[in-house]
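From first to last, the protein sequence lines are chains A and B.
Quick note on my numbering: the first sequence kicks off at 5 and runs consecutively.
Quick note on my numbering: the second sequence kicks off at 162 and runs consecutively.
Keep in mind that a hint or two might mislead.
Said to hold, decoys possible - Pairwise CB distance ranges (calculated):
id	chain 1	residue 1	chain 2	residue 2	range
1	A	L182	B	A228	50 to 58 Å
2	A	G189	B	E376	44 to 52 Å
3	B	P288	A	L112	37 to 45 Å
4	A	L194	B	A228	49 to 57 Å
5	A	L152	B	M487	32 to 40 Å
What the hints assert, rightly or not - Straight-line C-alpha distance at most 25 Å; calculated DMTMM-like pairs for lysine to aspartate or glutamate:
id	chain 1	residue 1	chain 2	residue 2
6	B	K274	A	E111
7	B	K274	A	D147
8	A	K146	A	E76
9	B	K274	A	E76
10	B	K310	B	E296
Unchecked claim - Pulled a few chain A residues facing chain B out of the computed Cβ check, cut under 10 Å:
id	residue
11	A27
12	L28
13	A29
14	N43
15	D48
16	F108
17	D147
18	L174
19	I177
20	V186
If you're looking for bench data, these hints aren't it; they were derived computationally from the structure.
All residues carry an ideal CB built from backbone N, CA and C; glycine is no exception.
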Amino acid sequence: MLSQLKLLRNPRFWQVARVVIFALACMPFLFLLQGALLNTLGADPARELALETGRWALRFLLMSLAVTPLREMTGLTGLFPLRRTLGLFALFYAVLHFVVYMVFLLELRWSEIGSDILERPYITVGFTALLILAAMGITSTKDMMRRLGPRWKQLHQLVYLAALLALLHLLWILRTDLFDAVFYGTLLFLLLAYRLVTRLKKRRARIARQQSV
Amino acid sequence: MLIKSAPDILSSEITPESVYRNRRQFMGDALKFGAAAGGLIAMPGAALGASGDGLRARAPADMERSAPAAWWQDKFANIEAAERGGQFWTDEDLTPYRDVVTYNNFYEFGTDKSDPFQNAQSFDADPWSVEITGEVDNPGSYDLEDFMKPHQLEERIYRLRCVERWSMVIPWIGFPLAELIRRVGPTSKAKYVAFETLLDPEQMPGQRGRFSVIEWPYREGLRMDEAMNPLSFLAVGLYGNYMPPQNGAPIRLVIPWKYGFKSIKSIVRIHFTETEPPTSWNMLQPREYGFYANVNPEVHHPRWRQDMETRLPTTLFSSGRIETRMFNGYADQVAHLYEGMDLARNY
């Protein structure tokens, strides 16, 4: 088992790993920033920025959802804090995505932002997903966790809804090529299916235990 | 009228490319001589070449394409420039060549805007033939050189408006579709013209994609009166240069008052028919894409509004947002085609 490896049980390793992952997670942002400054994002840079920040938000959200299954399957408890780190990066890219849309695509015409959010279904669902991620981000500190108690878990289970809405937001703007839809859809399906299966197993084990008493 | 008078000798054999080259050289020298004689400083030859023909703009030298075959060179040596202020002209700024050839929707080469530029460079469009079928007096398969021979190439400055809300201004090189239609002689039963793109999964990676839902080959069509309108254009080049593959080499349609997807690329078949032909986007999502697809700021696509557009290129500090005009600003030339029609239903 991976968890038997000495290196993977060394807290120093995980400290270094977290720094490396943090740096890697910043790379898409730095590349986009470089593209924006050097004007190498093509004929419509604002659109390119919006697309890429959106894609990265969804990718980080899925990566964050993959942490728990990975931890449970490998027994590597050192993975645990990554769930929060990756989740916050999802929020970071989602906020960038929204800012690009407001500042560069809509040029801060507030009335249009309002009508877009209310009338364009794909923007409505995207905006809802952003609100959920923001609520989770704000309550992601240890202090907030303590203060919210059991409600913290309830709130943070909305992440599944956010992921579904983000996927829907992507599907709605695709014109034909279903690769993105199939790719991210399959990943999300697997991540949700894993949770469903482990929950059912736990419940069955509990019932079995009760019956054997 | 007849185009099938297949000559024994190809025109490229009659006029070798070197002769044309010499002719240009000769003209250049003559101009230089004239300028020098007039007491002016002789300009470099390249500059004479670019300005001597009066075209609105030419491809930048470092991005210029070489001729796919010798006969193309002869054909492009003689292009009629667009008449300034005429009906095939606009004063609007041209979209720079680089953007026109790197930002494309051509799903045969991939669905990202930069995919066609990246995946189409090795596309081989020579030799090429176009098949004329259906309700015509002169059906048959025509070698592109013969197909184009009777037509004088001309330049036209058109707006191009994509259904995705971006737009460009492009100096096309080509000839009127109506000229070709008259030549092949449609019968009285020909009410529509249908077009088909090349089907070649080996050269077109998008046609191999398992996740594409378009049923290849790509198909488009026009009503006969639309096809005969003077604006309807068959383009074989842009910016005074040969058509890049990502823009629809070697020959494509340009219908400036309709959304861009009507302007079908890399045409291999033109079919004349009595009934409205199936068209690719309409087959895929009939609620979103109609047969007519006229640019119309009042009729919105179900997922996005159509009253504004983004004129490319943009920067982060200039969004290029402009109002979309009825029939993309060509109402004077085409509105009569749709008199009495409900354009909200016939979208």
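Going through the hints against the structure:
1. A:L182 - B:A228: 50 to 58 Å: 39 Å, violated
2. A:G189 - B:E376: 44 to 52 Å: Since the Cβ atoms of G189 of chain A and E376 of chain B sit about 22 Å apart, the hinted range of 44 to 52 Å is violated.
3. B:P288 - A:L112: 37 to 45 Å: 54 Å, violated
4. A:L194 - B:A228: 49 to 57 Å: Roughly 53 Å apart at Cβ, these two residues keep to the hinted range, so it holds.
5. A:L152 - B:M487: 32 to 40 Å: 56 Å, violated
6. B:K274 - A:E111: Between K274 of chain B and E111 of chain A the Cα gap is close to 23 Å, so the pair holds against 25 Å.
7. B:K274 - A:D147: 46 Å, violated
8. A:K146 - A:E76: 22 Å, holds
9. B:K274 - A:E76: 41 Å, violated
10. B:K310 - B:E296: 23 Å, holds
11. A27: 26 Å, violated
12. L28: Cβ of L28 of chain A sits 23 Å from chain B, so the hint is violated.
13. A29: This hint is violated: A29 of chain A lies away from chain B, its Cβ roughly 23 Å from the closest one there, beyond 10 Å.
14. N43: Given a least distance of 7 Å, the restraint on N43 of chain A holds.
15. D48: Holds, because the Cβ-Cβ distance from D48 of chain A to chain B comes to roughly 5 Å (cut-off 10 Å).
16. F108: 5 Å, holds
17. D147: 38 Å, violated
18. L174: 13 Å, violated
19. I177: Status holds, d = 7 Å.
20. V186: At 6 Å from the nearest chain B Cβ, V186 of chain A passes the 10 Å test, so the hint holds.
Checked against the numbered hints above, the structure violates hints 1, 2, 3, 5, 7, 9, 11, 12, 13, 17 and 18; every other hint is satisfied.
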